[in-house]
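Number of protein chains: 2
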Amino acid sequence: MAGFPHKKEFPVSRVRRYLEPGPIVLVSSRWRGRSNIMTLGWHTILEFSPSLVGLMISGGNHSFDMIRSSGECVINLPTTALTDTVVGIGNTTGARIDKFAEFGLTAEQATRVDAPAIRECHAAFECRLHEDALVDRYNFFIFEVVAAHAAPEPEYPETLHYTGDGVFMVAGEIVDRRALFRPEMLD
Amino acid sequence: MAGFPHKKEFPVSRVRRYLEPGPIVLVSSRWRGRSNIMTLGWHTILEFSPSLVGLMISGGNHSFDMIRSSGECVINLPTTALTDTVVGIGNTTGARIDKFAEFGLTAEQATRVDAPAIRECHAAFECRLHEDALVDRYNFFIFEVVAAHAAPEPEYPETLHYTGDGVFMVAGEIVDRRALFRPEMLD
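Sequence order for the protein chains is A and B.
With our numbering, the residue at position 114 of the first sequence is 114, and numbering never jumps.
With our numbering, the residue at position 96 of the second sequence is 96, and numbering never jumps.
Do not take every clue at face value.
Stated by the list, open to error - Heads up, incomplete: computed chain B residues facing chain A, CB under 8 Å, no partners named:
hint, residue
1, G54
2, M56
3, N91
4, L129
Claimed, not checked - Using C-beta positions, here's what the derived DEER-type ranges look like:
hint, chain 1, residue 1, chain 2, residue 2, range
5, B, L180, A, Y156, 34 to 44 Å
6, B, R96, A, V175, 44 to 54 Å
7, A, T93, B, I174, 40 to 50 Å
8, B, T93, A, A95, 21 to 31 Å
9, A, R32, B, R112, 41 to 51 Å
10, B, R119, A, V175, 19 to 29 Å
11, A, D176, B, M185, 32 to 42 Å
Claimed, not checked - Some chain B residues flagged as far from chain A (calculated, every beta-carbon gap over 10 Å):
hint, residue
12, E9
13, R14
14, D114
15, D165
Keep in mind the hints are simulated off the structure, nothing from the lab.
Note that beta-carbon positions come from the ideal geometry of N, C-alpha and C, so glycine has one too.
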């Protein structure tokens, strides 16, 4: 890819802008000096303020213990420039390889957590564990986004949306219906 | 729209196919003889089998009590044929209007729950409440999908993905990367 996305600070209360459309994300973590990355499609926004996001992280992932022990992660937003990287990360395990090195990604120091951000991604949402009541039964973590950075351009990045079975849908046309909304329903 | 989508039975273990890409959905409910519909974008797949889906249903919605009391709902998948309907449903309340009548939608009898499906939608996922441990604190419901129906065509429907602020992203290009996946990672 030609250069890195130039991320700027972004309001944590507005991360729904990027996550509500349902993209595949890359979740990075760090624990005891080692870093890892996993591909994840099972997430949802839960609240604007505090900025809460729910992530289902399967217990079979090497990242699971790293994220639970550190209580932190960064949710990184990849675009079509990283399609094969997203697949590669999802098909390998951090138990055997250093994913940053293996996939030529750049670990970027985050601002509020120790887990690294991924420079090549369009946006990075730094998260601290907020609630683990459903982790044992459902592997469902609730994180608070404590800092957010996003590239202002392109305004609507070509995010990847996983349908299963090796097939992705790419973010398409933008449809503006602001005129039909009650004012209090708009951001 | 020209005719209704012709839905056929679909395996409940494969609903990630439609929900993981992150579309806006219409959630229909019934309680004490009254039906309602709400627009919802905050959801995630949680498990293949049993087929579990998490929904964040804000307590301010008229549907909240209907869904909690009945322990049921149907998650309906609208496409661009229903864009203005999706907006209209999200900007009105079932406390004052009958949304099926107001928006010209057809209530279709579901197979395993009393809540109605919406005939005009591409797919319908019939749900029973599975876990309410996080409802009081986060309005987060975990449902089991007990029956699923989806139109076989089009294979990749033009779903709507909400970015906030009155703007939707429409499902775009399909990218097949099956060849790069380990076989056990495919559905």
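Query raised in the report: Can we keep the M56(B) interface hint, with Cβ of chain A closer than 8 Å?
Result: holds, 5 Å
Query raised in the report: Is the gap between the beta carbons of R119(B) and V175(A) within 19 to 29 Å?
Result: holds, 23 Å
**Report entry** R32(A) paired with R112(B), Cβ distance criterion 41 to 51 Å
**Finding:** 48 Å Cβ-Cβ, so the 41 to 51 Å window holds.
Query - Supplied contact hint for L129(B), tested at 8 Å Cβ to chain A - result: With a minimum Cβ separation of about 14 Å from chain A (threshold 8 Å), the hint on L129(B) is violated.
Query - Status of the G54(B) interface restraint (C-beta, 8 Å, chain A) - result: holds, 6 Å
Query - Distal placement of R14(B) relative to chain A, Cβ over 10 Å - result: violated, 7 Å
Query raised in the report: Is the Cβ of D165(B) farther than 10 Å from every Cβ of chain A?
Result: violated, 4 Å
**Report entry** Whether the CB-CB distance between R96(B) and V175(A) falls inside 44 to 54 Å
**Finding:** violated, 27 Å
Report task. Would you check whether the claim that D114(B) is not at the interface survives, using Cβ distances to chain A and the 10 Å cut-off? Result -> The claim stands: D114(B) keeps its Cβ more than 10 Å from every Cβ of chain A (closest is about 26 Å).
Query raised in the report: Measuring from beta carbon to beta carbon, are T93(B) and A95(A) in 21 to 31 Å?
Result: violated, 50 Å
Query - 32 to 42 Å as the expected CB spacing between M185(B) and D176(A), which holds or is violated - result: This hint holds: roughly 37 Å between Cβ atoms.
Query raised in the report: At a threshold of 8 Å, is the proposed contact between N91(B) and chain A supported by beta-carbon distances?
Result: OK, holds: N91(B) within 8 Å of chain A, min 5 Å.
Checked against the numbered hints given earlier, this structure breaks hints 4, 5, 6, 7, 8, 13 and 15; the rest are met.
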